[in-house]
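Protein chains in written order, with my numbering: chain X, 13 to 405; chain D, -6 to 585.
One should not assume that every hint holds.
As the list claims (entries may be wrong) - So the derived list for chain X, only partly shown, Cβ under 7 Å to chain D, looks like this:
1) Val54
2) Ala56
3) Ser58
4) Ala94
5) Glu121
What the hints assert, rightly or not - In silico SDA-like pairs for lysine to any residue, Cα to Cα no more than 20 Å straight-line:
6) Lys62/X to Leu64/D
7) Lys90/X to Asp60/D
8) Lys161/D to Trp130/X
No lab work stands behind these hints, which were simulated from the structure alone.
In this text the structure is predicted, and so the values were computed from the model without any measurement.
Note that CB positions come from ideal geometry on N, CA and C, so glycine has one too.
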Amino acid sequence: MPEVQEQKASPQRLSRVRLYVRQRPVMLVLLTALTVAFFVFVAALSRAYKDQQTALGNRWFERGIADMSGKRYQAAVKDFRAALLYSRDNYTYQLNLAEALLGMNRRAEASAYLLNLWDRQPEDGLVNLELARIAAQKGQMQQAVRYYHDAVYAVWPSQQERQRREVRLELIGLLLQSNAKGQAQAELIGLSENADEDPVQLSLLGDLFMRADDYEHALAEYRSSLKADAHNAKTLAGAGYAAYELQQYSLAEHYLQDAIKRDPNDKDSAERLKTTEMVLRMDPYQRQISQSERVRLVIEAFTTAGERLQRCAVPSGDGAGRGVVQGGTLSDEWSALKPQITQRGLQRNAGLADEAMDLVFRIERQTSVNCGAPSGPDLALLLISKLREGNRF
Amino acid sequence: MSLQADPESEVLADHAEPPRATAWIYEHSPRNVWRAVFREDNFFLVLSVFIGVLSGLAVVCFRYAIDWARLYLLGTGVVLTPLRVLLAPTLAGLVIAVLVIHFFPRTRGSGVNQTKAALYIYNGQIPFRTAIGKFITAALAIGSGHSLGPEDPSLQIGASLASVLGRKMRLSRDRMRLIAPVGAAAGLAAAFNAPISAVLFVIEEVIGRWTAGILGSVVLSAISSVVVMRWFLGSESMFRIPAVEMSQPSELIAYAVLGVVGGIASVVFASGIGILRPAFKALPRWTQYFQPAIAGLLIGIIAVLGAPQVMGAGYEYIDQAMHGQFTWQFLAILAGLKIVATLLSFVSGTPGGMFAPTLFIGAMLGAAVGGAERYMFPYLTISPGTYALVGMGVLFAGFLRVPMTSVFMVLEVSGNYSIIVPVIVANTFSYVISRGLQPIPIFDMLTRQDGLELPSMEELREEDILQVEDAMQPVEGPVLDAEETVEKALQHIDGSRGEDLLVRLSPGGWSTVTRDHLRALASEGKGTGKLGPLLLVPRIPYLHPDLPLETALRYIERWPLVPVVSRANFQQLEGVVSQRSVLDRYREFGEG
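Bound-form chain D, shown alone (with noise of 0.2 Å):
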């Protein structure tokens, strides 16, 4: 903002001020710095690091409750009884519909839009209870089989414990509005072990704006939590990633194949949530008792079928498609197979996320695309592997339209930035078909399901921004000088219209002045008088053209008229902006 310093601030500020080392002296003093850092703001980044040390030991917890589900419930080898395959998920879903009925009724639904709901509703508010319904429900869910994936809770119960926190520590309105996607960045990194692409996920999807303010408490809680992950769990990534290559450039155009075929499968993924979702809700309230059963008998008998891969969060099977164990067809098959699967799971209202699926669904479609182009051109040196990691990407810019962290997902995950290339190809072709064909992205379509109305982060990644310079208008009547006499400024006004005159100072700056005043100045006859020092605003502010226009509301209401000049040259008037210019500008936005 190019607004000048008030004269009369300057005068007050110049009083005010103490010696320079006296300032210092008092600014350090104990008391004072005790009081700094339980200033708000400076308590909100604390609080931010206890969040992430929190949210990643919860998400530890989680992580084991899920492993130990699963060692319960499915069995300690990688082969399968068949009748533990059915009966696993079966009863475990029966379970999961009477806690989610009588005791969590919140755990149903997507954790984003539920954190998304205490930024833009609740005022932070998240009940502790969900994030307790959300581990158990889930790691059940997951543990046995049901085709979810754990960040989604994990990213819930971090925003819930975030919540839980800033209650207690009595945060003001606005602080706890912003607590809740702390707590979820937090909960996200420790679920993916991966901090950037959590801090853009949370960035991108739930707040939808970068400030300063805000990105400083969710980076420190996304890396505290990851911290306090690897702790327990280990640094590892998490699949073996593969050696990366990319030979030729003209394989490029294999991997946008690979966006293309990525897109469409995202818009069938995210199409039959839209569709099965509420026709699943509709259904009478006592079959909800038996959706996740069946759901989860479903997937059993898919597993007892030849695929059990589609059981539980999948990343094993990730780790091994990107090695080459499976054929491009069966790849095909299991990548088809994921998204029936995740769909019964999802819709049925087991509790758990779509992000480990989605992953799944990206690689095994990745490796397949790259197998079956490895088939028809053996000359391409194409390594499944690399593709796995790209589909990942695709899916997470596809289905869930957050393409900046689908990229740096797949690098983060990676550890390989030689692979930048392909995944921006690959997602934007993804993206562009998935934004096309799907106009509404799936979060907002689950937001809109569950019969809230979430502001749209792609909408307000995408809106269009009022300017400036879409309001100023040309300047109408002379500009006067401030150093010409008070008689020639009434003669350069002769004739022209307006009432508000603006005035350009010296050696530079702006002011305004009316033609009444200037008559006044005559009759008093102080005509002979240089402008300047008779005006009554000694300042006014400018602007730029290419500033916000909501930068100019601040003062069109004070200022009749408000100087636009180039940035290059303050002196050189690129027109004016006035109360009237900006409403009907903004009306006529808002007319479409």
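Looking at chain X on its own, in the form it has when it is part of the complex (with noise of 0.2 Å):
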């Protein structure tokens, strides 16, 4: 009998036990269990999924890095495109499809996915100096100076003081190809600022500072590098050069020698010596020589100026709005005073030797704009002229 109880009771039980489970608390319960058992089931399967797609695209990724470095452009685009098949948003495959594509010089593609990246990380240093790089291509100037200044100040993974002195390198030749000389000689004195005491990196910033005509500067960086490093050819003779465009033509001849006892083969500095020597040697109006050798000079002046005169026809008038003759010619006004130049005319008349070295300079100077750069002696006095511009005896 018991049994039979027993047997009646259990699907009442088990009824009961339906009833109970199927009550909505009770359902809310399990379906909370089944849903974090779900999350823990989808989770174990992400992080196997996540695995095998990092793989993966490590594994084009390193493809695509080798083909990049055998210059295999096209290759490389096909792999880092793989790769981001796996890593969508992954930064430094899309940096390196956008290096590849540069290298293919697919610009706009690659500026379409540096400029994801730039909007995902605008302190990128490579992203920025790329971006600008692609800018300076296409000629928009300005966007390419404010990609590059970002690239100056940006964050560089290693060596982040040389990758920036060697954007701002980048950026001031930019700038100098595009004659912003002004610009560039700004940024130059930024870089000297915080230069090192490197002699190479000195003498290429008194290069960059001679391409943008900032000699006084370009002087300072060479003489900095010859500290040094005293005895480097090229740096002497681009002190040579700065103290020449300088006009401070004792000391060109000093490093311009020094120049060519180091170089013997550097014929520019040679050709910039000669010039700077006659400068010192044709220049009647230097200090410490006698009244006879400086009107040895005039009359040399005056006869060169001449003979450059007869070489080159020139019209009446003078180019520089000085000294114009009415009614006559240089060539009339050099006839004319010629009869007048001789030592003891000289002698006689002290004001002789400045109208006749006016009329050299007007003429040395005429000349030069319409026959050309002179050569020789010509330049000697062109820059004798310069150089001693209101000065008289």
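Fit the two chains together into the complex; they arrive one by one in their own frames, and the hints show the way.
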């Protein structure tokens, strides 16, 4: 009997359990448990999936890097694209894809990737640099300079100072190329302030200052460089050129002589030295020379100018706006003055030397405009005219 | 509704109402709070969150399954080997056909329509088997390169999961009907990573109406599923969105051109399905074993011949098109080939959705139109990325015929609201052209091809709604005043027609009285008494002219005349409605 009762009771108990389980609170608890279990399962699945994706992405990325180093840009693009299939937003993959696209000269596509990367990390140095290069290639100077500046102040993964310096040098190169010498000079000053004592870097800075027509800074940089490496022929020549441009001919002569001593094959420096020596030798205004020597130099200059005038037919008037002779030409003036330019005439008349030299300078200036840059003694006289502008005996 | 409170119930309420503090303590007792949580409407909201979470998890698994299928069937690189490209979709097609015919017959067709069928026909029932079948077959199809998308299967997986949960939770029939759309929104939101668009789509295309009860659940499920999806797959948008720009308003003309082209392409696409799907279905049954395989083979051939972009969902190529990586001529070819490939996949009965192909075609077409316009009018500052984005919306509006979703989808995907004007302009053109040339929307067409008759959401949206003013008639006879005497009222009605008379109450409200009742009052010697207190019905409801006519149906049976009053002045009578006038109006409407 008890067994029969038990048999009857068990379906009842079962149905009671079922009823209980079907109550909403219980169902909700069961649903929560099911959700948690499913979540855990998906999390495990997700980890396996992501591991696989990462491995595949890395595999394609490594292939891409290998292709990039072999300059096989087309293959590299495919590899990086494949890598991005597995990690669509991977910064490094995208950056490398952009680099590979740039390698293939597909600037528009590369630009799209780089801009996307820039949105994500505007402080990334390489992205800014590449965007700057693209802008520069497109001729968008303002944008290029902005990106270059961002790259200069950006974060670089390694050798930050060196990278920043190189970016700045690239920017300066671009500015000089586009003849924005003022901007280039400003960048150079910024760069020189942070420059270290490396003579090569200092010499390079001197070269760039020279290209920016800032000879004073150039000379200073060359001198700094020479303190560390006094025998560098290229730096010596650079210093010589800078001094020459600054009309410090004695100093220029010193540096150029040293440069040629270090590098006898440097023809440009030799030529420049020759001119410098002529300037120093032919200048009748120099001190510590005798009166007769001065007279001799005036006569020599007058004769040289006359010869230059003969070689180059000069129209009436002075291109520089000075010394216009009404109704006459420089040639007439020269011919008119010629009889007076003798040793005796110059010694008798103190003002005649000035008059003669004034005509010489006008002739050299005018002929340099009409007949091209002079050379030899004519160049020396032109340089003396610039040096002595306003100076008189 | 402007029904005045029933005075009887007011009295009852006055007596039954306990003191406020007591009532508050009673309402907030733990037992009542517990009961309130599990009351069906609240429980439904809680369940919506679970539906969202579970659908999100299922969609994440589905995405993994597609990726794994692609990996093992097509290979790991971007350059696919021709042998795999030809074999993978063909062999997968054979397997899919066997699975669909023998194990999961309900996985054929559109998930949207099956969700609608669950809502309108099957009381929210979608077998769980359908979800499993859709998961396996769609993952295989998309992964092997069939030109279909994961959104529609995700939607159906969500709906099916929700239906199972609803059954297990023993929801009422009304709630059960609504639960499938809740799951559908969750599935679609997770697949698109776009909760607003998913909610709008479900409201616009599945449910067809905005009701507060369902909207809360749909939003909750969509949000929870997106949160889960982002947890696992990240929150990045589907595409790298290029800089969106429109420098001159005159560019809107160019976008209008895109709308026209998109509208025509939508019609071509929809007509293709309209013609080919019944034709394929009419073929002998044994051919169904080979239809997906042949479709796969043809798609493989297209890929081998130079357009592998048409395989699969193609999101990565949409991204590339947005960034100007194809010429406009190639983009136009890709759009055409994708239409062909999607038609082949879909009409062959391969399970999968058309959302992704629609986006693909739209993006390619948009970028192609943008590129062509830039070629012809170089002074326009046209960005192909912007055109591709707008193009996606254009196809959505024209092909799927969901104008609101199409706008919000583009905004949500791009995250850029400055694009809204071009999107609206282009989508409007596309929608209007598509509607003009293809009167039956694609989802309705598919429903009819499947032998079902589900309500057309487009027709519902555009249906004329009768209002009270359509059945309103002028008042016959005088309007009495509750302050006048019975005798005066009898004098007023003398010579007028109509048995029932309106009475204007003081200070406000309306009632009715019959001639017989007035005469009876007079014969009882109450002729000098004021009419108001002697009325049998102290107050009747009133309506406003702009209310839907169905509102009147609630009152016309009980009250012979229902006053229609101005909203500005409730004492100003605009007319009356009666049972006869309302039914006459409905009859006229039904006769067209």
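Going down the list of hints, with the structure as the test:
no. : hint                 : in the structure
1   : Val54                : holds, 5 Å
2   : Ala56                : violated, 11 Å
3   : Ser58                : holds, 5 Å
4   : Ala94                : holds, 5 Å
5   : Glu121               : holds, 5 Å
6   : Lys62/X to Leu64/D   : holds, 13 Å
7   : Lys90/X to Asp60/D   : holds, 19 Å
8   : Lys161/D to Trp130/X : violated, 51 Å
Violated hints, in rising order: 2 and 8; the structure is consistent with all others.
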